[in-house]
Structure formats: C-alpha cells, structure tokens
Amino acid sequence: MANVWTGAFPWYFAREGTPGTAPVGSFPPNGYGLFDMIGNVWEWTVSPFAAAPTCSCTATAGDTLVALKGGSFLCAGEYCARYRPAARIGLTPDSTAAHVGFRCVRGSSQCQ
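So for the sequence shown, the working numbering puts the first residue at 1; every next one is plus one.
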C-alpha cells in the first residue's frame, strides 16, 4: 500500500480525489515501522547517479546527476515498475517537479 497511480495512466485515476502527494502516515508502516518508503515523491539522495550507457531519458551527455529513490505518485503499473525502495532515477541537482521531494529523518539511539 503506497501512494502510486491507480488506474489507467494518465487517463483514469481510480482512487477518490486527485493524484498528488499524500500526508506522511496515510498508509500503514512496513514491517520495520517505516512509513512511505515507496511512492508519494521521488526522494533526493546525496549519491551520484551513473546511468546505463543506453539510457538517455533523464539528462544530456555531460550532466552531473544525483540519484533519486522510491518512485512517486505518478508511477503506474502499466509503464513504471519503479515503485520499490531500490528504484532509482537520475536528475540534475537543479531539477524540480511536483513528484520530487526529500525525506526528513532523525537519529536513533539504536543506530551507531
């Protein structure tokens, strides 16, 4: 359960309301107690992104790309298998879009 496109993209959205971001906690947490690890917005990371040599879908040659992870509310099953935690795309650092964001985190006393 995640905030991804349901219906026939882009013609029909099968859930109530309009497609867009959802508040954190709109869906149950995963087995680790983490919310929204997929869907909602692609999340910026600090990792560089190296696209496969045959992929030119996200930038032009010579652009520096940053990795985004997790898919977004625009990911739909019939064209996008990227709504999973390991999914990643690359965008230039100055890119903006309604389906791109970031995750706020806090430290845990159990993390070393």
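Take the hints with a grain of salt, since some may be wrong.
[Stated by the list, open to error] Now the in silico label distances, taken between C-beta atoms and shown as ranges:
hint, residue 1, residue 2, range
1, 50, 6, 14 to 24 Å
2, 7, 100, 13 to 23 Å
3, 47, 16, 10 to 20 Å
4, 33, 10, 29 to 39 Å
5, 16, 80, 20 to 30 Å
6, 45, 24, 10 to 20 Å
7, 15, 97, 29 to 39 Å
[Claimed, not checked] Below 20 Å or equal to it, Euclidean Cα-Cα: the simulated SDA-like pairs (lysine to any residue) are:
hint, residue 1, residue 2
8, 69, 32
9, 69, 15
10, 69, 94
11, 69, 104
12, 69, 91
13, 69, 18
14, 69, 93
15, 69, 45
16, 69, 1
17, 69, 30
18, 69, 97
19, 69, 14
FYI, nobody ran anything at the bench for these hints, they're computed from the structure.
A quick note: this is a predicted structure, and the numbers were derived from the prediction, not measured.
We treat Cβ as the ideally placed atom computed from N, Cα and C, and that holds for glycine.
Structure-based check of each hint:
Under the hint 14 to 24 Å, the C-beta atoms of residue 50 and residue 6, about 32 Å apart, miss the expected range. Between residue 7 and residue 100 the beta carbon distance is about 22 Å. The supplied range of 13 to 23 Å therefore holds. Separation of residue 47 from residue 16 is about 36 Å and departs from the stated range, judged on CB atoms against 10 to 20 Å. With their beta carbons about 34 Å apart, residue 33 and residue 10 fall inside the hinted range of 29 to 39 Å.
Restraint check, residue 16 to residue 80: a C-beta distance of roughly 22 Å satisfies the suggested window 20 to 30 Å. The supplied range of 10 to 20 Å is met by residue 45 and residue 24, whose beta-carbon atoms lie about 18 Å from each other. Take residue 15 and residue 97: their Cβ atoms lie about 21 Å apart, and the range 29 to 39 Å is violated. A hinted pair counts as satisfied when its Cα atoms are at most 20 Å apart, and residue 69 with residue 32 qualifies at roughly 18 Å.
For the hint linking residue 69 to residue 15, the alpha-carbon distance of about 24 Å lies beyond 20 Å, and the restraint is violated. For the hint pairing residue 69 with residue 94, the CA-to-CA distance comes to about 16 Å; that is within 20 Å, so the pair holds. Between residue 69 and residue 104 the CA atoms are separated by roughly 14 Å; this keeps the pair inside 20 Å, and the hint holds. Taking the CA atoms of residue 69 and residue 91, the gap is near 11 Å; set against the 20 Å cutoff, the hint holds.
For the given pair, residue 69 sits about 23 Å from residue 18 by alpha-carbon distance, which is inconsistent with the 20 Å threshold. The hinted pair formed by residue 69 and residue 93 meets the criterion: a straight-line CA distance of about 14 Å does not exceed 20 Å. Using a Cα cut-off of 20 Å, the hinted pair residue 69 and residue 45 holds, with the two alpha carbons roughly 7 Å apart. For the proposed pair residue 69 and residue 1, the alpha carbon gap of about 17 Å is at most 20 Å, so the pair holds.
For the hint linking residue 69 to residue 30, the alpha-carbon distance of about 17 Å falls within 20 Å, and the restraint holds. Between residue 69 and residue 97, the direct Cα distance comes to roughly 14 Å. Compliance with the 20 Å bound is thereby established for this hinted pair. This hinted pair does not check out: residue 69 and residue 14 have alpha carbons roughly 25 Å apart, beyond 20 Å.
Against the hints set out earlier in the document, violations occur for numbers 1, 3, 7, 9, 13 and 19.
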